[in-house]
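Enquirer: Given the coordinates of chain E, work out where chain H with the ligand should sit on it, guided by the hints.
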Amino acid sequence: MNPDLPSEAAEYGAGAARAFASLGGLDAARRAEVDPAERGRSVARALEALGADQLDPRADPDAAAAAGELCRAAGRVMLPYPVVPLLLRTGGAPLAVVGEGRLRVDHGDLFDEWRVATVDGRAQAAKPASSRLATKLGPFVVDLSPGGPQAEPAHRDVAFHLTLSAWLVLGVIERAVELAVEHVSGRVQFGQALSSFQAVQFQLADAAVGVEGLRELCRFTLWRLFADPERCQPDALAVRLHALETARTVLRTTQQLHGAAGLCDEYDISILCRHVQPCLRLPFGSERTALELAGAVERMGFDSLFPHGARSAVG
Amino acid sequence: MIWAPSSAQTTSGESDLDYDFGDRAAELRGRLRQLIADEIPPGYLGAFTDDPADLEVAQRFCHRLADEGLLTVAWPKEYGGAGGSVWEQTVVREEMWAHHEPRGAQYMGLNWVGPAIMAFGTDEQKQRFLPPIAAGDVIWCQGFSEPDAGSDLASLTTRAEPDGDGWRITGQKIWTSYAEMAQWCVLAARVGTATAKKHEGITMFLVPMDREGISVRPIRSMLGRHHLNECFFDDVWAGPDEVLGGVGNGWSVIRRALAHERVGIVRYARCDRLLSAFAEEEGVPELLRARWARALVDVRVARLLAYRAVREQEAGEPRDATASIARLAVTQCDQQVAEVLFQAQEDRSLEAGADAPVAGAVEDHWRYAQAATVASGTIEIQRMIVSRHLLGGRK
Ligand SMILES: Cc1cc2nc3c(=O)[nH]c(=O)nc-3n(C[C@H](O)[C@H](O)[C@H](O)COP(=O)(O)OP(=O)(O)OC[C@H]3O[C@@H](n4cnc5c(N)ncnc54)[C@H](O)[C@@H]3O)c2cc1C
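Top to bottom, those sequences are chains E and H. The numbers in my numbering rise by one with no breaks, and the one at position 177 of the first sequence is 184. The numbers in my numbering rise by one with no breaks, and the one at position 242 of the second sequence is 1187.
Worth double-checking, as some hints may not be accurate.
[Unchecked claim] Estimated spans, in silico, between C-beta atoms of each pair:
hint, chain 1, residue 1, chain 2, residue 2, range
1, E, Pro-160, H, Leu-1232, 31 to 39 Å
2, E, Pro-160, H, His-1334, 39 to 47 Å
3, E, Arg-255, H, Leu-1232, 21 to 29 Å
Simulated from the structure, these hints should not be mistaken for lab results. Ideal Cβ placement from N, Cα and C applies to all residues, glycine included.
Bound conformation, chain E alone (with noise of 0.2 Å):
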């Protein structure tokens, strides 16, 4: 029993943490929204440069921690780049998973051919057949047309997908919660620093163990994918259900302790706020995620102290 990184993974991270910050942080983000041809050049080239095309997730649970740990730094600044699906590439098209009607993916032009496929593992390949919506809330999103279906099954492929975006959102509400501490450490009103009101000392606490409960399941996930692979389909569920309420609560608390102020592009925590929610919202919300892994925990359990769903999951 052991739930720490190996720490290769942590370091490799770290140097992913370091490369995003020299590509300006949260400034590639809002670069990319003015230019979004951005993503292309200076985002990809750091991609390349830190091999994250070399590194697969599937291959080994150390290689997974390091994709884990890639994309919590990209969650931090919210990298404009489909860093999950890049990890997950089947004959060089990455994957995205998608709901049952429209093909919708962030960051969708940015490759010629997809492999998309729904939560129960259905695949095929797609490619882009729209324009940005370039929205606020989604500016890289746009609309793939089917390319056909795909016999092979992407079950593996999918839980791994929806475990690695809740390590990507876990980078986006860390780094949320480090943001707040920062602004109500320096704002003073009332003659003290807003981090002396007990009030926003609790707020901040409650982020915090919303953070490092989802932490410590994005970790426990990824050992599961590797320890029961055959059975590993509501883990993911449920660590992706863990990162759509924790953001849900950690990102309004953390918006709400900056003022006004947190909903202004100048701050980071608003680009980080609006960038995250294809990343939330695709494909689809934590209501329906839910009702998907009761489902999966009646088909195949779920793993605890105590047996859960399917008898044959008893141990």
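Expert: What follows is chain H with the ligand alone, placed relative to chain E:
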């Protein structure tokens, strides 16, 4: 820096990111479950019900565990324990709490009184007090809280006046769990006059509950009988050999005790078992499918946060903030699960006892869960600890 898979594979020794407790712990879990199945009547709800037989079950069970060498699994060998790892200790705590703590009040002696005596006691105190705890023969209670010293424990006013080579103690304690059945008390009292630093002067005494001048009055509550009590100390004698950890050093003992308590009560384990048992017996109501799934995730997260605190203990670097984060998650999870289960039981939630759903376990759990965010330091105090850590020197 590029990811270099070949170098990663050279990692040697204990593997990282591995949540398997190992064969020894798995075997221990199996043995404990078997013993519980053999010794504990079905539908057992702990030692503090209205039925005195339940207390006897707990006393018998402790002796049985002691015979099997399982009562002090985590104690060091030099004190008669099995020298088990923190993970084996975690297994014991999980199985006990999941099954309504069939050790009864004795878990306190095992979890923190014994370890505190190991850490702070004299050789003579160790010889005198540790063997009876290890044998399952003795119940201890914790006399810290007072009517005017709750969260602000350091403002306690129970006084110890020097008398000959010993002390005379006078004051009142409250919320003292199991005081009515306990043979011994770890009692916090103040020596000398209160100074600006309230922690100074606090001294820990080990006193037998049958000593002259001690009286106990049970407090009726929504918890089980015998749970909460008031204790009155009227000129109670304590000898010099009954001071634990030195005069004026009581605050260190308290800190250690509370740190143990914060991670010692693994409430997620009972949540886990009750969700499992209810689904098995009654099925998950259609209305609650999504909420049930969320509850399973919450229980998992609470468990993992508790494991993080255990991991820090194992590594010899426990941090207060980690333990407080775990406690915030675990206690609130306890209440959320209690609520989900009550929603599932609907109007039968009000029933208690063997004829109620899951033999009354859900009703019992709901009542105790209400206390989870208060006992051993409220969650507001935990939030203060966490935010202090977050804000560091910035505040
Ligand atoms: C089931 C149970 C068993 C217990 N067993 C024992 C035992 O065996 N031995 C023992 O010594 N004690 C025991 N206690 C007592 C327990 O340690 C105290 O109840 C606890 O420390 C809180 O103190 P209090 O009840 O006086 O609440 P108070 O301190 O009066 O607090 C009341 C409320 O105000 C909040 N509050 C207090 N100070 C602050 C602040 N500065 N900022 C914000 N909010 C604040 C609290 O969080 C709480 O919500 C037990 C309690 C329970 C519920």
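Enquirer: Look at each hint and say if it fits the structure.
Expert: Hints, one by one, checked against the model:
For the hinted restraint 31 to 39 Å between Pro-160/E and Leu-1232/H, the CB-CB distance of approximately 32 Å keeps it satisfied. Range check, Pro-160/E to His-1334/H: Cβ separation about 45 Å, and the 39 to 47 Å hint holds. For the pair Arg-255/E and Leu-1232/H, the supplied restraint of 21 to 29 Å holds, since their beta-carbon distance comes to about 22 Å.
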